[in-house]
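Engineer: Sequence:
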Amino acid sequence: MDVIEGKELELILDSREEGKRLDLRDRYIANANLAGRDLRNIDFSGSTLEKVDLTGADMDGDNVHKVWFKDCPMHGVKLTNCDATEATFRWIDLTDGDISGTNIFSSLLEYAKLDGLKYDDRTQYYKLRCPETGPFIGWKCCTEWRVVQLLIPADAKRVSATANTCRCSKAKVLSIKSIDETIKYDWAQSTVDPDFYYETGKWVYPSSFEEDRWKDSSPGIHFFMERQECVDYQTK
Numbered sequence: 001m002d003v004i005e006g007k008e009l010e011l012i013l014d015s016r017e018e019g020k021r022l023d024l025r026d027r028y029i030a031n032a033n034l035a036g037r038d039l040r041n042i043d044f045s046g047s048t049l050e051k052v053d054l055t056g057a058d059m060d061g062d063n064v065h066k067v068w069f070k071d072c073p074m075h076g077v078k079l080t081n082c083d084a085t086e087a088t089f090r091w092i093d094l095t096d097g098d099i100s101g102t103n104i105f106s107s108l109l110e111y112a113k114l115d116g117l118k119y120d121d122r123t124q125y126y127k128l129r130c131p132e133t134g135p136f137i138g139w140k141c142c143t144e145w146r147v148v149q150l151l152i153p154a155d156a157k158r159v160s161a162t163a164n165t166c167r168c169s170k171a172k173v174l175s176i177k178s179i180d181e182t183i184k185y186d187w188a189q190s191t192v193d194p195d196f197y198y199e200t201g202k203w204v205y206p207s208s209f210e211e212d213r214w215k216d217s218s219p220g221i222h223f224f225m226e227r228q229e230c231v232d233y234q235t236k
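Counting from 1, one number per residue, gives the positions in the sequence shown under full-length UniProt numbering.
It is possible that some hints are incorrect.
Straight-line alpha carbon distances no greater than 27 Å define the calculated DSSO-like cross-link-like pairs of lysine-lysine that follow [to be verified]: (1) Lys157 with Lys215; (2) Lys113 with Lys184; (3) Lys20 with Lys7; (4) Lys184 with Lys172; (5) Lys170 with Lys127; (6) Lys127 with Lys236; (7) Lys66 with Lys20; (8) Lys70 with Lys113; (9) Lys172 with Lys118; (10) Lys202 with Lys184; (11) Lys215 with Lys66; (12) Lys113 with Lys127; (13) Lys66 with Lys51; (14) Lys170 with Lys215; (15) Lys66 with Lys7; (16) Lys177 with Lys157; (17) Lys157 with Lys118; (18) Lys70 with Lys127.
If you are wondering where the hints come from, they were derived from the structure by calculation, not from laboratory data.
Take these sequences, add in the hints, and give me the full structure.
Structural biologist: Next comes the structure, spelled out in structure tokens:
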């Protein structure tokens, strides 16, 4: 991985050809002050940015797929219309930033500061994947390819991070069927905890529930909103 630091990066930016997309893929970029800079139309995909000050920078339309932002100030950054899938923003200050029109599928936002972060209807995977209020149906796959239909009640806590999976604090098992829906079962065993079972007609409760939505792999009953999503995940 090529290393680019401080002055060298500024020279690259100052000499870039106007209107041409700048290729900064798979680089290690460090120790640079890009606060307030025009960084539009750059492909950073696969790169690591460490100690790069991006405060108030304009990154509209950039590709930051799988970028690891490490100790990068990003207060007020304009990260609009970007591919930010699988990007890592852990511990990053995104206060008053803007991710309108950006896809953040499977990005990591644990411990990030998100106060005042702007988004719109085109922003993908920032809003809750499941309904914020009321009861609804969820789906999960268990061992032996058994698909469990769950009723998540109105009083259940529910969260989702930046992917298709959701978590809840309790649910009722409505049905358990084979993937092709030709066989009904009375019970199904969790693929994660061999001592956790789902039984038709009974309520299930996790041992604990993590309310921080951005901690995706954490306690709770994990489920999908669509049956096919559940099947696709289990059979991939």
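Engineer: Each hint needs a verdict: does it hold in this structure or not?
Structural biologist: Status of the hints after comparison with the structure:
Simply put, Lys157 and Lys215 have alpha-carbon atoms about 15 Å apart, close enough for the 27 Å limit, and the pair holds. Taking the CA atoms of Lys113 and Lys184, the gap is about 46 Å. The hint is violated against a cut of 27 Å. Proximity of Lys20 to Lys7 is assessed by CA-CA distance (about 21 Å); at most 27 Å being required, the pair is judged to hold. A distance of roughly 16 Å separates the Cα atoms of Lys184 and Lys172; the hinted pair therefore holds under the 27 Å criterion.
With a CA separation close to 21 Å, the supplied pair Lys170 and Lys127 stays within the 27 Å bound. A distance of roughly 25 Å separates the Cα atoms of Lys127 and Lys236; the hinted pair therefore holds under the 27 Å criterion. Of the pairs offered as hints, the one joining Lys66 and Lys20 holds, with about 22 Å between alpha carbons and a cut-off of 27 Å not exceeded. Between Lys70 and Lys113 the alpha-carbon distance is near 14 Å, which keeps this suggested pair within the 27 Å criterion.
Between Lys172 and Lys118 the CA atoms are separated by roughly 36 Å; this puts the pair beyond 27 Å, and the hint is violated. With a C-alpha separation of about 15 Å, the suggested pair Lys202 and Lys184 falls inside the 27 Å cut-off, and the hint holds. Annotation: proposed proximity of Lys215 to Lys66 holds, straight-line Cα distance about 18 Å (limit 27 Å). Taking the CA atoms of Lys113 and Lys127, the gap is about 16 Å. The hint holds against a cut of 27 Å.
Taken as a hint, the Lys66 and Lys51 pair is honoured in the structure, with Cα atoms around 17 Å apart against an allowance of 27 Å. Distance check on the hinted pair: Lys170 and Lys215 sit about 18 Å apart at the alpha-carbon level, within 27 Å; holds. Between Lys66 and Lys7, the direct Cα distance comes to roughly 25 Å. Compliance with the 27 Å bound is thereby established for this hinted pair. For the given pair, Lys177 sits about 26 Å from Lys157 by alpha-carbon distance, which is consistent with the 27 Å threshold.
Of the pairs offered as hints, the one joining Lys157 and Lys118 holds, with about 25 Å between alpha carbons and a cut-off of 27 Å not exceeded. For the suggested pair Lys70 and Lys127, the alpha carbons sit about 24 Å apart, so the restraint of at most 27 Å is met.
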